[in-house]
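Colleague: Residue numbers (the numbering used here), protein chains in the order written: chain L, 1 to 259; chain V, 1 to 298; chain G, 1 to 425.
Heads up, a few of these hints could be off.
[Unchecked claim] As a list, the in silico DSSO-like pairs of lysine-lysine whose alpha-carbon atoms are at most 27 angstroms apart:
#1 V:K71 / G:K420
#2 G:K350 / G:K333
#3 G:K420 / V:K62
#4 V:K291 / L:K88
Derived from the structure by calculation, the hints contain no laboratory data.
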Amino acid sequence: MMSVLVFFAALPTVWVLIMSFREQSVIFEPFWESPLAVTFDNYLGITRSEFPRALLNSFICAGASTLLAMIVGVPAGFALAKSRLSGKFYASWTLLLLRMAPPVGFVIPLFLLYVNAGLIDSYFGLITAYMTLTLPLIVWSMWNSFAQVPDELVEAAIMDGASLGKAFLLVALPAARPGAVAAAILGFLIVWNDFFYALIITRSTTVTAPVAVMNFISYDSVDWGSIAVASIALTLPILPLMVMANRYIVQSLSGAVKG
Amino acid sequence: MTAKSTKQVSATADLERGYRNMVLPAVLAVGIFAIVPLAGMLALSVSDYHLLRGTNWEFGFKNFVRLVSDKRLMGSVYAMAVLSFFGVTAQVLIGAAIAVGLSKIVGRWRLGRVLFLLPYAVPHVAVALIWLSLFTPTLSPINAFFDLFGVTVPSFLTTQNGALFAIVLADTWTNFPFAMLIILAALQGISPDLEEAAALDGATRIQTFFYVTLPLLIPAFLLVTLFRFIDSLKHFPMIFVMTKGGPGRSTQATNYYGYIQTFQNSNVAYGAAIAVTLFIVAAIISFYVAKLNQRVTS
Amino acid sequence: MKKFLSTMISAAVLVGAAGTSTIVSAADEVNVVMFGMPYTKGLAALADDFEAQTGIKANIDVIGQDVFENRITLSFTGKSGDIDVVHTPVIQVQRWVSANWLKPITAEVDAMAVKSDIMEGPMDAYKIKGEQWAVPYMAATGLMTYRKDILEEAGVEVPQTWEDMLAVAAKIHNDDTAAIAMRAVPGQGFNMFIFPMVMRAYGGKFFEDYTAGDLTPAINSPETLEALNVYMKLLNEYGPQGAGNFNFAEVQAAAQNGQIAFAVEGTGIAASLVDPEKSQFADKTGITLPPGGPAGRSPAIAVHGLGIPASAKNPELSAKFIEWAVSSETMTKIALAQPFSNFTTQSVAKNADVIAKYSKIHPDFLAVQAEALNLAIGHYRPLLPEWPALGQAIGENINAALNGLMSPEDALEAAEQEMKDILGQ
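Chain L extracted, bound-state conformation:
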């Protein structure tokens, strides 16, 4: 069972790796027929294109918007899980609303909003737009994570005279750490592969990688090799980040949350 899943997850990855090293003219010839037609041209071509810059833009935007969304969203998730506020459900549900509308419906109004706010092709505009993508996810998943932290823990801290802020930072947050790390990773990745907002808000300065990938599909050709390299380039920077994050998720295995 597990091996079938591993195969499913790995097959396209291996295929992309093979494509990335193949010469353009034999890219779809079965690789066992011409195993020597290997080239680094696709990789060299990418370094000479605008793609590295787009990759950096993606990194800046994903990092900044995730950080901001965590600062705003984690306390919100905590409050939703622990308070008895009457309208809290509706407040959280409105957070979801923007994610629900299909982009075709609101691209034109959204574009006009950004044009008139002077935010087209600016990092600030893009980062704030991305907060609307990441916040709902972070708030909702932190709500779930904090719900698993026993109420007594927080109440005890407050009884002992801790302020709400302290109880949140020193008691609840450490207990919900795996959830927080997972939420941050997902927030980062959602922005990392967003196409839609980048399509509308970016121009040549702030263009992000998923939009830049489209440049390899031109009017009468598809540059498969470059697309394969671009896909690899988009996953590589994620690796060190994940390895770091992995440590935090794993720590909880030893029982960060004792019920």
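For this one, chain L is given, so just place chains V and G on it according to the hints.
Modeller: Chains V and G only, in chain L's frame:
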């Protein structure tokens, strides 16, 4: 006695105010950027705005009346329902299976879980192209491999069910890591003590999983389903790259149909009406999922 | 309610019209937006030349076609004024003019020295309501490549008609090498770039009498039905596996892999298949006109040009840029640096280096291309504002028939009805 209870009441009120201040920034941050586009979309959907004909500033529910009798809309809803149902189900099940598998792994292979996240980092356009090449018989290494043994793998993208299956598979490949990560985090939030206690009481490992672990994972399942469902209503890049809506119109999911009306047919108002309809459907369904989630978590 | 809504829509949707937009280029810069093809990439690489000659900085943004279509729709409906020169495909120009997105540039074009050097047909394709709306830089046509070795082995000639093609295909088709591949995915630039070649060869047409202005749809004629049956038979019986979902990329890859004998494609792909640097079968591949039929031969044509958006802030600079971009000097440089043979500035074809370059790729290439251009009719795909919508609807029905979702008769009947709906008849 009275003094103490007043103090308690005001302490509770302070606490509640504190909580409210924690939620407010998040609602405001999203609200500001959400309200204008949403209001614009609603306004467009009841307008007569057409890229070629402009607008006569006539408002009404014409677009929605037309939607009711639009046969192509029904076809698109079918495609969307298939893509959403099978896609989300596959992503949740595969994500959960891998998460459970990975959570049992300790030692240095632990890092292996990172590899399962990679598909999520590939942009959808590239995912679609990768799977397009895997599903096109003349390009695919799978077909070439089976050809060595004289076995012909059928062509998927030229039949309705095959094309829908191909899109579901591509969508699942790139999105199962989302489900996996959330479920993995939830699994690790579960205290090992609970499972140990169950084991001491004589439960088998399978019993422990189904009676102890699984119920605790329900909120994570609901969360994943909710988010993946919302996103699945916006299917676009996979369809656009893999099938262009074909064969015929059989993979034109509703969002793609809205795109055609807006950008090909210039009918911005009608496209917005399609989007609003989808928005309402998503809002209603997610309302109930969210309510369910709230009941489970509290 | 009505007032509230109009306030909303004017506030939220059409604010841009008031001209309050903020993304405007600096006074001595032009922002050029184009989608990726050899010419546009070549032009972007020459931006410094333009600045050196005129002191004007050109920001040439070459983006994916899909990104392009979304961005310009937004920029033009929002009148954001951030584009000074825009890539204008002839297939879109009618729609853009109807939506008031372009600026008429008759006077500007008349003042250009290069005007008389540009091919008349493509230039006229941009004339609407007596005004010039863009200047062409390229005209791609439909061409056919064929594997000489396969034809020789089977002892057959290059087919001149689609009827011949059916006969030849039946002889050469086998499990390893299919006879033919063509674009099949639905879309006005995909199957509807290719299918009209078959349709017109059999005398099929889109309208009763397009040139006389009778726009009654006539796609359900027996001629078009016959053509559709030929197109379907070729792809379903003599095409590679999965041919019903092929786009240009799959056609190109199949030919590069040696999986097909014939490819009917546009200039760009056809040229890549006879270029030894791009295809390992190039030396065995010949290039010729696409087949014809009882009603003659009508190669596909796609013209691309440069226009000035209505919202452009500085049209004089835009016009200066266009004049430089289509000048013989700039065009020659691009033709030499890129696989760009379908230029519309005629004097480029006289350049000895250009002739040498493209003759080396394939000796017949330039001659075949010129002949195809000569045979092509300007309204190969009707020049109407509604064409993108019409082409999409017809293309979807043709693809449905091809893949067996409906009979060819029903598909054409449905296309006829949908054309009427789109045109409001």
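Colleague: Hints first: check each against the structure and report whether it holds.
Modeller: So, going through the hints one by one against the coordinates:
| no. | hint | verdict |
| --- | --- | --- |
| 1 | V:K71 / G:K420 | 16 angstroms, holds |
| 2 | G:K350 / G:K333 | 13 angstroms, holds |
| 3 | G:K420 / V:K62 | 20 angstroms, holds |
| 4 | V:K291 / L:K88 | 12 angstroms, holds |
When each numbered hint is compared with the structure, no violation occurs for any of them.
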